[in-house]
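A.B. asks: Sequence:
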Amino acid sequence: MKIERLETFCDRHVGFVRVTTDDGRHGFGQVSPYNADITCQVFHRQVARWAIGADAADIEGLVALIPEREHKFPGSYLFRALTGLDTALWDLRGRLAGKSVCELLGGVPRPFPVYASSMKRGEITPQAEAERLARLQGELGFAAFKFRIGKECGHDEDEWPGRTEAIVKQVRKALGDRARLLVDANSAYSPGKAIEVGLMLQDHGVCHFEEPCPYWEHDWTREVTQALSLDVTGGEQDCDLALWKHVIRMRAVDVVQPDICYVGGVERMLRVAAMAKAAGLPVTPHSANQSLVTVYTLHVMGAIENAGPYVEYSIEGGDYYPWEQGLLANPLRVRDGKVQIPREPGWGVEVSRDWLSRAQRQVTEMPR
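First residue of the sequence shown? That's 717 in the working numbering, and the numbers climb one at a time after it.
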């Protein structure tokens, strides 16, 4: 069963991949969102050329081969594009076997806990954020919540003076003592400031302090991890497996957070999870939008042994990311703070035909 055709369907924000075999079978995947139109160009230039004519069942081999063939061009865009091939082939494998990807990986599709993840910072006041999280707590049964503190790549500045302290206090008051609170600093602080903020977070029972320092400063992050008792987390930006090996060996964080779409797909995500397992570290991936990344993450988390207690679930509903609207024909739904891992073959979620009909299409196929 050979890969005969690879198609991308994209706009600027999101891009899907369809793989078709020489016997007419197909599977759907997705490249990483954000600048997806650029990523789809990379896909056809640097990924599809090596996959056309290859064995569609050999996901592991292709995912290992392509970075070697493109070794002169390492970096984020290559792996964002590789994700499209990897995930389309996993969908194909599941459809052929009549099983969900979660089952293929040895897991059981089941309702999996999710945490309500806010993308907003400067767009919302602490009071308004606390109120909307409390509303979701009541309406959808969320038991864990993540919100933004500091200023993105902020050099120790807050989004505005006093915002971080105010939002932590107001969210805790609004949600009560039993809610699990997570915060994301998005590379805001130097080690000294991060430790100062972290001690305040501990006083308010925050359990998860994400990306406190510039994500590329792993020594800084380890300093914060060693100084605090709450979990320091990170890794969403990291796509190089050698770097992941280093980060895990040095125990820069307490919880590793690869993003399946950034790291290069399921195969590479499983390698990071295995490294973390060997080091005794849990995995709670980054999945901060309602494209297929959350679907992928649920399937993987339903199968790996060192899965953290929940999956990230963006609560913006197309408000923060308007491009999320209308992507999926059967989107995920939260009930009682959980999302059902799809049971249907493959990913179990279908891309909207209407969206595909409007998207920019590009094709790489076997020569006739």
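These are calculated hints, taken from the structure and not from any lab test. Nothing here was measured: the structure is a model prediction, and the numbers come from that model. Check the hints yourself; a few may be wrong.
Between beta-carbon pairs, the in silico distance windows are [said to hold, decoys possible]: (1) Asn1046 to Gly814: 40 to 48 Å; (2) Gly740 to Ala958: 33 to 41 Å; (3) Ile768 to Gln1076: 18 to 26 Å; (4) Pro1025 to Arg1049: 18 to 26 Å; (5) His920 to His787: 23 to 31 Å; (6) Glu1021 to Arg965: 40 to 48 Å; (7) Glu933 to Pro1083: 46 to 54 Å; (8) Asp1070 to Ala844: 16 to 24 Å.
SDA-like, lysine to any residue: derived pairs with alpha carbons at most 25 Å apart [claimed, not checked]: (9) Lys993 to Asp947; (10) Lys718 to Trp766; (11) Lys836 to Ala990; (12) Lys961 to Phe789; (13) Lys961 to Ala990; (14) Lys993 to Lys885; (15) Lys718 to Arg967; (16) Lys815 to Ser792; (17) Lys885 to Ile911; (18) Lys909 to Gly878; (19) Lys993 to Tyr1037; (20) Lys1054 to Lys909; (21) Lys836 to Lys815; (22) Lys718 to Gln757; (23) Lys993 to Asp1035; (24) Lys836 to Asp893; (25) Lys1054 to Cys869; (26) Lys1054 to Arg1084; (27) Lys961 to Gln886; (28) Lys836 to Trp766; (29) Lys718 to Lys1054; (30) Lys815 to Glu847; (31) Lys815 to Lys961; (32) Lys1054 to Glu939.
Backbone N, C-alpha and C fix where the C-beta goes; we use that ideal spot for every residue, glycine too.
A.B. asks: Each hint should be assessed against the structure and marked as holding or not.
C.D. replies: Hints and how they fare:
The hint said 40 to 48 Å for the Cβ distance between asparagine 1046 and glycine 814, and at roughly 18 Å that hint is violated. The hinted range of 33 to 41 Å is satisfied by glycine 740 and alanine 958, whose Cβ atoms lie roughly 39 Å apart. With their beta carbons about 20 Å apart, isoleucine 768 and glutamine 1076 fall inside the hinted range of 18 to 26 Å. At roughly 20 Å, the beta carbons of proline 1025 and arginine 1049 sit within the given window of 18 to 26 Å.
Between histidine 920 and histidine 787 the beta carbon distance is about 47 Å. The supplied range of 23 to 31 Å is therefore violated. Separation of glutamate 1021 from arginine 965 is about 20 Å and departs from the stated range, judged on CB atoms against 40 to 48 Å. A hinted range of 46 to 54 Å for the beta carbons of glutamate 933 and proline 1083 is consistent with their spacing of about 48 Å. Against the hinted window of 16 to 24 Å, the Cβ-Cβ separation of aspartate 1070 and alanine 844 comes to about 33 Å, which falls outside the hint.
With a C-alpha separation of about 16 Å, the suggested pair lysine 993 and aspartate 947 falls inside the 25 Å cut-off, and the hint holds. As the CA atoms of lysine 718 and tryptophan 766 are separated by approximately 12 Å, the hinted pair is consistent with the 25 Å bound. For the proposed pair lysine 836 and alanine 990, the alpha carbon gap of about 32 Å is over 25 Å, so the pair is violated. Of the pairs offered as hints, the one joining lysine 961 and phenylalanine 789 holds, with about 20 Å between alpha carbons and a cut-off of 25 Å not exceeded.
Of the supplied pair hints, the one linking lysine 961 and alanine 990 holds, its CA atoms being roughly 10 Å apart against a limit of 25 Å. Our distance criterion of 25 Å between C-alpha atoms is broken by lysine 993 and lysine 885, whose separation comes to about 34 Å. For the proposed pair lysine 718 and arginine 967, the alpha carbon gap of about 42 Å is over 25 Å, so the pair is violated. For the suggested pair lysine 815 and serine 792, the alpha carbons sit about 31 Å apart, so the restraint of at most 25 Å is broken.
This hinted pair checks out: lysine 885 and isoleucine 911 have alpha carbons roughly 18 Å apart, not beyond 25 Å. In summary, the hint linking lysine 909 to glycine 878 is supported, as the alpha carbons are separated by about 14 Å, within the 25 Å threshold. Between lysine 993 and tyrosine 1037 the CA atoms are separated by roughly 33 Å; this puts the pair beyond 25 Å, and the hint is violated. Distance check on the hinted pair: lysine 1054 and lysine 909 sit about 35 Å apart at the alpha-carbon level, beyond 25 Å; violated.
The straight-line distance between the Cα atoms of lysine 836 and lysine 815 is roughly 37 Å, outside the 25 Å bound, and the hint therefore fails. Taking the CA atoms of lysine 718 and glutamine 757, the gap is about 22 Å. The hint holds against a cut of 25 Å. For the suggested pair lysine 993 and aspartate 1035, the alpha carbons sit about 36 Å apart, so the restraint of at most 25 Å is broken. Taking the CA atoms of lysine 836 and aspartate 893, the gap is near 23 Å; set against the 25 Å cutoff, the hint holds.
Of the supplied pair hints, the one linking lysine 1054 and cysteine 869 is violated, its CA atoms being roughly 32 Å apart against a limit of 25 Å. Pair hint lysine 1054 plus arginine 1084 does not hold up; C-alpha atoms about 48 Å apart against a cutoff of 25 Å. Between lysine 961 and glutamine 886 the CA atoms are separated by roughly 38 Å; this puts the pair beyond 25 Å, and the hint is violated. Taking the CA atoms of lysine 836 and tryptophan 766, the gap is about 40 Å. The hint is violated against a cut of 25 Å.
Distance restraint check for lysine 718 and lysine 1054: the Cα-Cα separation of roughly 38 Å exceeds the 25 Å cut-off, and the hinted pair is therefore not satisfied. The suggested pairing of lysine 815 with glutamate 847 is violated, with an alpha-carbon distance near 41 Å, which exceeds 25 Å. Of the supplied pair hints, the one linking lysine 815 and lysine 961 is violated, its CA atoms being roughly 32 Å apart against a limit of 25 Å. A hinted pair counts as satisfied when its Cα atoms are at most 25 Å apart, and lysine 1054 with glutamate 939 does not qualify at roughly 34 Å.
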